[in-house]
Amino acid sequence: MTDFRQFDGAPVGRAGRATLIAWAAFLLAGFALARWLEPDSRGFGTHQQIGLPECSFRLLFSRPCPGCGMTTSFSHFVRGEFAAAARANETGLLLSILAAAMIPWSLSSAARGRLWFVEDPLRVLAGLTIALGGIAVAMWVWRQWLVA
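Position 75, counted from 1, in the sequence shown is what the working numbering calls 251; the numbers after and before it change by one each time, with no gaps.
Hints listed in this document are in silico derivations from the structure and should not be mistaken for laboratory results. Be a bit skeptical, because a hint or two may be false.
Said to hold, decoys possible - If you anchor each label on the Cβ, the simulated ranges turn out as follows:
1. W321 to A186: 35 to 43 Å
2. S232 to A314: 19 to 27 Å
3. P229 to G206: 40 to 48 Å
4. P229 to I279: 26 to 34 Å
Where a beta carbon is used, it is the ideal one built from N, C-alpha and C, also for glycine.
Full structure from sequences and hints, please.
What follows is the structure, encoded as structure tokens:
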């Protein structure tokens with residue numbers, strides 16, 4: 177029989193539980209917004225539908241930045257268009273998957289009062305941030321200079 181205590185992570189108090197619930201709600205709202213937006217056929221620029229300006233990096237250097245296409249990627253992801261999400265921005269697809277997984281993780285952790293599988297949340301956050309940032313830059317370099 178499996179001892180599920182091995183999956184217990186760091187304990188969280190009332191404020192931590194509230195933060196986890198708020199985080200899950202924030203992610204759900206982000207996915208709802210992505211569903212409301214229509215993915216731009218160019219593969220980038222979907223964010224302009226909510227009044228945000230065009231990418232400054234693209235305007236200045238005539239090249240997309242590592243984040244170009246991220247909103248479009250999310251918008252495709254919520255429609256189940258995973259190949260289109262990857263074409264828009266591969267890191268956007270990875271971030272969408274991670275965000276989708278974080279919703280039940282956050283709610284489960286809040287309900288249990290312990291971070292499921294996470295003993296050191298700052299270390300996990302730092303690792304994910306560095307990994308996603310590195311992947312974003314690597315994919316950007318790949319697209320701009322090695323594939324183009």
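Which numbered hints does this structure break? 3
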